[in-house]
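Take the sequences, apply the hints, and build the full model.
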Amino acid sequence: MKIYENTGSKDTRSGFGDGLTELGKKNENVVALCADLTGSLKMNAFADNHPERFFQVGIAEANMMGIAAGMTIGGKIPFTGTFANFSTGRVYDQIRQSIAYSDKNVKICASHSGLTLGEDGATHQILEDIGLMKMLPGMTVINTCDYNQTKAATLAIAEHHGPVYLRFGRPKVANFTPENGTFEIGKAVMLQEGTDVTIIATGHLVWEALEAAKTLNEKGISAEVINIHTIKPLDEAAIIASAKKTGCVVTAEEHNYLGGLGESVARTLAMHHPTAQEFVATQDTFGESGTPAQLLEKYGLNAENIALKAEKVISRK
Amino acid sequence: MADTQHLKDLVTQVRRDIVRQVHAVSSGHPGGSLGCTEFLVTLYNEVMDHDPSFNMDGINEDLFFLSNGHISPVFYSVLARAGYFPVSELSTFRKLNTRLQGHPTTHEGLPGVRIASGSLGQGMSVAIGAAQVKKLNGDDKTVFTLHGDGELQEGQIWEAAMYASANKVDNLISTIDVNGQQIDGSTEQVLALGDLRNKFEAFGWDVITVQKGNDVDAIITGMKEAMNLTRKGKPVCILLHTEMGNGIDFMMGSHAWHGIAPNDEQLAEALRQNPETLGDY
Numbered sequence: 001m002k003i004y005e006n007t008g009s010k011d012t013r014s015g016f017g018d019g020l021t022e023l024g025k026k027n028e029n030v031v032a033l034c035a036d037l038t039g040s041l042k043m044n045a046f047a048d049n050h051p052e053r054f055f056q057v058g059i060a061e062a063n064m065m066g067i068a069a070g071m072t073i074g075g076k077i078p079f080t081g082t083f084a085n086f087s088t089g090r091v092y093d094q095i096r097q098s099i100a101y102s103d104k105n106v107k108i109c110a111s112h113s114g115l116t117l118g119e120d121g122a123t124h125q126i127l128e129d130i131g132l133m134k135m136l137p138g139m140t141v142i143n144t145c146d147y148n149q150t151k152a153a154t155l156a157i158a159e160h161h162g163p164v165y166l167r168f169g170r171p172k173v174a175n176f177t178p179e180n181g182t183f184e185i186g187k188a189v190m191l192q193e194g195t196d197v198t199i200i201a202t203g204h205l206v207w208e209a210l211e212a213a214k215t216l217n218e219k220g221i222s223a224e225v226i227n228i229h230t231i232k233p234l235d236e237a238a239i240i241a242s243a244k245k246t247g248c249v250v251t252a253e254e255h256n257y258l259g260g261l262g263e264s265v266a267r268t269l270a271m272h273h274p275t276a277q278e279f280v281a282t283q284d285t286f287g288e289s290g291t292p293a294q295l296l297e298k299y300g301l302n303a304e305n306i307a308l309k310a311e312k313v314i315s316r317k
Numbered sequence: 001m002a003d004t005q006h007l008k009d010l011v012t013q014v015r016r017d018i019v020r021q022v023h024a025v026s027s028g029h030p031g032g033s034l035g036c037t038e039f040l041v042t043l044y045n046e047v048m049d050h051d052p053s054f055n056m057d058g059i060n061e062d063l064f065f066l067s068n069g070h071i072s073p074v075f076y077s078v079l080a081r082a083g084y085f086p087v088s089e090l091s092t093f094r095k096l097n098t099r100l101q102g103h104p105t106t107h108e109g110l111p112g113v114r115i116a117s118g119s120l121g122q123g124m125s126v127a128i129g130a131a132q133v134k135k136l137n138g139d140d141k142t143v144f145t146l147h148g149d150g151e152l153q154e155g156q157i158w159e160a161a162m163y164a165s166a167n168k169v170d171n172l173i174s175t176i177d178v179n180g181q182q183i184d185g186s187t188e189q190v191l192a193l194g195d196l197r198n199k200f201e202a203f204g205w206d207v208i209t210v211q212k213g214n215d216v217d218a219i220i221t222g223m224k225e226a227m228n229l230t231r232k233g234k235p236v237c238i239l240l241h242t243e244m245g246n247g248i249d250f251m252m253g254s255h256a257w258h259g260i261a262p263n264d265e266q267l268a269e270a271l272r273q274n275p276e277t278l279g280d281y
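So the protein sequences, as listed, match chains C and X. With the UniProt record's numbering, you'll find the first sequence wraps up at 317, consecutive numbering, no jumps. With the UniProt record's numbering, you'll find the second sequence wraps up at 281, consecutive numbering, no jumps.
Honestly, the hints are just simulated from the structure, not real lab data. Just so it is clear, CB atoms sit at the ideal spot from N, CA and C, and this is done for glycine as well. Errors might be hidden in some of the hints.
Stretch-level coverage of chain X by chain C, calculated; a stretch enters the list once three of its residues show a Cβ under 8 Å from a Cβ in chain C [stated by the list, open to error]:
id, region
1, 51-63
2, 105-115
3, 129-141
4, 182-195
See below:
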């Protein structure tokens with residue numbers, strides 16, 4: 001079994017910030033906008049290096065999305081930064097009309113997604129954002145798993161023409177994907193080959209999926225682990241091929257089971273290769289205050305629950 | 001004052017285009033379109049430096065963003081008659097597979113449209129982004145917007161207004177169509193707007209009032225005044241007082257024609273009041 005090493009825990013938002021800093025140096029068309037959360041989004045270096053290309057909009061996210069749309073007219077590539085909740089639900093219609101329907105090359109970069117922003121509680125913990133964004137025609141939806149991948153994704157989306165939602169988070173999590181790795185939008189990453197069950201994970205739960213695979217391996221269960229960093233467009237071929245091989249699937253995400261990665265996987269399998277599936281996700285609830293670890297445990301978004309669901313889905317084969 | 005007869009002839013023809021488009025599909029918004037006809041005709045034919053061969057980025061061109069997208073009939077007619085697309089295409093307005101969607105969009109690739117609008121309150125933010133990029137690009141052209149007065153009830157407008165002055169977006173001229181009407185009645189009845197001049201001045205804008213907003217000569221004078229105020233550190237607002245349904249007597253003085261189409265008899269009467277000048281589509 002392949003063993004992944006945590007090279008030192010880091011927050012995914014710093015991957016975004018460092019990616020943006022690098023982009024600022026190499027692409028003069030990149031501009032950045034922030035709604036009073038520059039430090040939280042790790043955008044300070046870009047703002048310091050390129051004050052003329054950094055736009056502080058204040059606590060006015062709707063205006064930020066509109067300005068970003070307008071900045072594409074004249075050839076700029078705007079990156080907006082705020083929390084996931086304020087990047088999506090708060091400004092859905094602005095994104096829908098001024099960005100997605102208008103096909104504007106805006107990169108909506110969202111930190112503090114999911115439960116793991118922790119103590120701030122449910123007002124800030126959006127668990128619906130993947131669903132909101134994936135339903136918009138033409139929107140690319142990416143949820144990265146660690147620092148290295150978030151940095152690579154930040155660089156990659158600047159080269160992609162079209163609106164993108166890039167979702168990452170606040171806490172320090174295991175950093176295990178290759179440093180300076182390539183990021184291919186829409187391409188699943190096979191992390192671990194296996195034969196008994198497929199675990200398809202996104203975001204912070206990819207590391208948990210690898211931990212679950214270790215536990216399962218000790219029990220003699222061979223788990224395949226796939227990192228779906230791009231929820232839309234979805235790498236359907238990779239999912240179908242793995243489901244054909246293992247015959248059952250667990251999906252894992254820090255999001256509501258309604259509208260998230262799991263539903264996209266279920267739709268794919270229902271159409272092409274009906275397969276038993278279990279969902280590790282929140283169960284149509286709001287979040288609450290707590291430490292990230294406490295919340296992941298309470299809502300079952302951890303390695304332990306992924307392993308339990310894997311055994312359950314194997315029994316349904 | 002220069003001879004403006006050619007603009008007045010175009011105004012009459014655009015009015016015909018508006019009511020004919022709306023009548024043909026029994027849907028659309030003639031009232032606000034007619035109220036802004038003189039303004040848009042003047043803007044596109046007397047004020048803006050623009051290129052009908054159309055490039056989305058609009059480098060070294062003046063740009064216009066229609067924020068109150070429901071007045072698409074006047075926008076389409078003015079664009080077509082400025083050469084952005086064939087005038088004959090006006091016959092496809094709101095029909096299946098048309099580029100002339102109910103509300104303007106970039107989605108079907110209609111030349112002259114740079115942003116979708118219809119859901120209100122978004123155009124000023126977009127224009128600010130375009131205006132700031134003009135400055136980044138060393139492009140000294142101006143960005144124009146048009147908004148309904150009822151649209152000012154949307155909060156995003158005031159987020160944008162605050163930002164534009166705080167950031168000295170002084171290559172922006174936003175015009176408010178002050179016709180005092182909205183779908184449910186007068187703005188006074190629905191949600192009173194208060195003193196718009198004081199509001200925009202308090203938000204840090206220079207404000208010009210054009211009382212005769214359906215008079216081409218008055219519009220030219222007002223726009224020249226507005227242009228002279230640009231690049232002086234503040235965004236510029238024009239309060240353009242118009243008459244909804246202007247030029248067709250039975251559509252004037254009421255909100256009733258905001259979003260309904262004339263029947264055959266009403267169309268005939270509207271066309272009789274506005275004789276063909278430049279050729280119907």
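Each hint, compared with the structure:
| no. | hint | verdict |
| --- | --- | --- |
| 1 | 51-63 | holds (count 5) |
| 2 | 105-115 | holds (count 5) |
| 3 | 129-141 | holds (count 9) |
| 4 | 182-195 | violated (count 0) |
Of the hints listed earlier, the one the structure fails to meet is number 4.
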